[in-house]
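The hints should help you fit chain B with the ligands onto chain A, whose structure is shown.
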Amino acid sequence: MKIAVCVKRVPDSEARIKIGGDGKAIDDAGIKLVLNPYDEYAVEEALKLKEAAGSGEAVVVSVGTDAAQETIRTALAMGCDKGVLLKTDAKELDPLPVARVLAAELKDGAYDLILFGKLAIDDYSHAVGVMVAELLELPCVSAIAELEIADGKGKAEREIEGGVEVVEFSLPAVLTAEKGLNEPRYPALRGIMMAKKKPLEVKDISLDAGGIEVEGLAYPPERQAGKIVGEGVDAVPALIEALRNEAKVL
Amino acid sequence: MAGVMAVLEQRGGTLKRVSHEVLTAARGLADGVGGEVHVLLIGGAGVSAEGVGEYGADKVFVVADDKVADYQADLYASAAAEQAKAGDYAAVLVSATAMGKDLAPRIAARLGSTLASDVTQVKHDGGIVVVRPVYAGKANYTLKVTGSPCVISVRPNAVTPVAVARAGHVESVSPALGEVRAGTVEIKAPERAALDVAEATVVVSGGRGLKEPEHFAMLEELAEALGGAVGASRAVVDAGWRPHAEQVGQTGKVVSPNLYFAIGISGAIQHLAGIRTAKTIVAVNKDPDAPIFKVADYGIVGDLFEVVPKITEEVKKIREG
Ligand SMILES: Cc1cc2nc3c(=O)[nH]c(=O)nc-3n(C[C@H](O)[C@H](O)[C@H](O)COP(=O)(O)OP(=O)(O)OC[C@H]3O[C@@H](n4cnc5c(N)ncnc54)[C@H](O)[C@@H]3O)c2cc1C
Ligand SMILES: Nc1ncnc2c1ncn2[C@@H]1O[C@H](COP(=O)(O)O)[C@@H](O)[C@H]1O
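Protein chains in written order, with the working numbering: chain A, 3 to 252; chain B, 967 to 1287.
Bound-form chain A, shown alone (with noise of 0.2 Å):
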C-alpha cells in the first residue's frame, strides 16, 4: 500500500492573530506554526492502513516555505517514511494552483491513496485535496470519518446535515479527513529521533498567481461587550425580556 499524505504548516489553534503593517496579511513572528489538525488524521490514516497492509510506504508531501520541513518531520516522527517539501515563499490564497502542484507531484508515484486534512485551519478553503482529485480524475471522498479499504475497494462515511452518506470507490483514490476518523498518535521520542534521519527532499517550485487578491486582512468587529443580566434563576425573566425586546429574537 502505497499512500501519501498532503499536509500544511499552520498557525496554532490558540495563537492570538495579529495583522501586519500591510493590513493584508498576518505578522507570523512569534506565532507558533504546527501540523494542520486535520492533516493530523490523515496521518493517522495513512500509518493505520499500512500497518494493517503489513508493507507500504508514507510518503508526505507539503507545499510551502523552508519552516515547513518542521511540519514534514513531524509526520515523518508519527510513522511516515519520507518526505517531499515543494518549496516556494509564495503564500497562495486561491486553493486551484496549490492543488495543481500537488496534482503534478503525486501523479506518477502509483499511489494507491492519497490522502488530505478536509481544510485548513489558517484558510478554510476544504478545497485542495478535492480539487487534487479533479485534476487527476480520482474517485474523492471529502470529510470521512469512518474508512474501510479492502481488496481494491473502499467505502467511506461523511456528515451531511441531519445524516450521513455511504460513499463507495475503488482504488487509486483521494479521501479527506473529518475529526473523529481515528485518534492521531503522538511522536514518541524514538520516532522523533529516527524522523531526522528520513529522507526529505526539497524541490523548488513555483506557484501561479492565482484569481484572488487582497484588498485588506481586518480583525473582525468586536462583540459589544455583554452584560450580566443577573444571578441565578431570578434573572431569567429580564433575559426573556430582553430577548424579546432589545435583541428581538424571541
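Since the hints were made in silico from the structure, they are not lab data.
Quick reminder that beta carbons are idealized off the backbone N, C-alpha and C, glycines included.
Be aware that a few hints might be false.
What the hints assert, rightly or not - If you anchor each label on the Cβ, the simulated ranges turn out as follows:
#1 B:1017 to A:190: 52 to 60 Å
#2 A:54 to B:1133: 56 to 64 Å
#3 B:1205 to A:148: 18 to 26 Å
Said to hold, decoys possible - Short derived list, chain B residues pointing at chain A, Cβ under 10 Å:
#4 1043
#5 1073
#6 1111
#7 1129
#8 1147
#9 1155
#10 1239
#11 1262
#12 1273
To be verified - Some but not every residue of chain B turned toward chain A, in silico, with C-beta under 8 Å:
#13 1106
#14 1149
#15 1184
#16 1257
#17 1276
#18 1277
#19 1280
#20 1282
Chain B with the ligands only, in chain A's frame:
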C-alpha cells in the same frame, strides 16, 4: 451579458432554506454586474422549482433525473460545470453546506477557475469582492476575486433571504452527467432527524458543565421549544456524550444563528471561533469569570440546572402565547 449562476440545494425534492440565501446573494451580485440570475436545480424526477422566481431568479434550469435525486458528487459536478460553461457567467454561487463544500472545489477545478470558500458577503465593487473569515474567524479577508466564472460558496445564515419577484422561467436541461467515480450508495438518517447546527437559526449548546450526557435532555427540550438545534463543546464530544456533528468551534462547525445559547461552556478560544458570527449570544455559567461572558450579549451567572428549566418554561409560555 455576464450573469450569475446559483446552484440550489434540495433534499427529498424540497428546496433547502439555504437555497433562498444563495439566491439572494446571487441576485445582489447580478444586479451589480448588470446581468441575470440563472439557477441550476439538480434533483430526482419529481424535483420542483416552485417559488424560485420569487427570490430573484430570471431563469431556472432543472436537471430532473433519478440518478441525481440525492447528491452524487461526480454527477453534480459534471452537470454544474457543463451548465456553467454553456452560459456566460461572472460567478457561480453555491451554499457552503456539506454538499456545497464538496461541490464548489470540484466545479472550480473543472472550470480551471478561482474559488472563494465560505464567504459571509459577496458584492460588486469594481469587480467581485467577497468577505471571508479566516484563521477560524479571528480575522476577515476582503478579497477581489477574478476568473470567469469564479466559484463562490456562501456560508449558511450569513445572508438574509429577500423576496424579489422575477420571471423564474423554468427550462429543463440535460447536461452531460459523466461517470460516477465514487458513488453514494446510502444515506443513513439518524434515529431522530436532527436540525443541523450550521443551518439552524437557534442553537442551544452544552458543555462539560452539564456533568452527564443524560442532562442534555434539558437542552433538547429548550431547543425544541425554540425550533432550534442542540450543539456541543468539544469536551463533551470527545467524552462521547454527543456526536461530532454537533460540535461547534474551530474543529467543529462554524455557526451563525440568530440566537446562540452557551450552557455550561467556559468559552475557550477554539469554541469562540465557531460562534463569532452568531447574532445574539446568551451564556449561562456558574463562574462569573468564565471567558464566555466576554462575548455573550446576555449572561446569567448561576447554576444551569436551575436556570435552564426556567428559561424553557418561559419560552414555552411565549410560544403557547
Ligand atoms: C486544536 C484544538 C481544537 C479545538 N477545537 C474545539 C472546538 O471546535 N470546539 C470546542 O468547543 N472546543 C475545542 N477545543 C477545546 C477547547 O480548548 C476546550 O477544551 C473546550 O471548548 C472546553 O469545553 P467546555 O467549555 O465544555 O468545558 P470546560 O472548559 O470544562 O467548561 C465547563 C464550564 O461549565 C461551567 N459549569 C460547571 N458546572 C456548572 C453548573 N452547574 N452551572 C453552570 N455552569 C457550570 C464551568 O464554570 C465551566 O466554565 C479545541 C482544542 C484544541 C487544542
Ligand atoms: N500548502 C499545502 N501543502 C500541502 N497540502 C496542503 C496545502 N494546502 C492545503 N493542503 C491540503 O489540503 C487540505 C485542505 O486545505 P484547504 O483547501 O486549504 O482548506 C489540507 O488539510 C491539506 O491536507
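Hint check:
no.	hint	in the structure
1	B:1017 to A:190: 52 to 60 Å	59 Å, holds
2	A:54 to B:1133: 56 to 64 Å	57 Å, holds
3	B:1205 to A:148: 18 to 26 Å	20 Å, holds
4	1043	7 Å, holds
5	1073	9 Å, holds
6	1111	6 Å, holds
7	1129	20 Å, violated
8	1147	4 Å, holds
9	1155	5 Å, holds
10	1239	8 Å, holds
11	1262	5 Å, holds
12	1273	6 Å, holds
13	1106	5 Å, holds
14	1149	6 Å, holds
15	1184	14 Å, violated
16	1257	12 Å, violated
17	1276	4 Å, holds
18	1277	6 Å, holds
19	1280	5 Å, holds
20	1282	11 Å, violated
In this structure, the hints that do not hold are numbers 7, 15, 16 and 20, in rising order.
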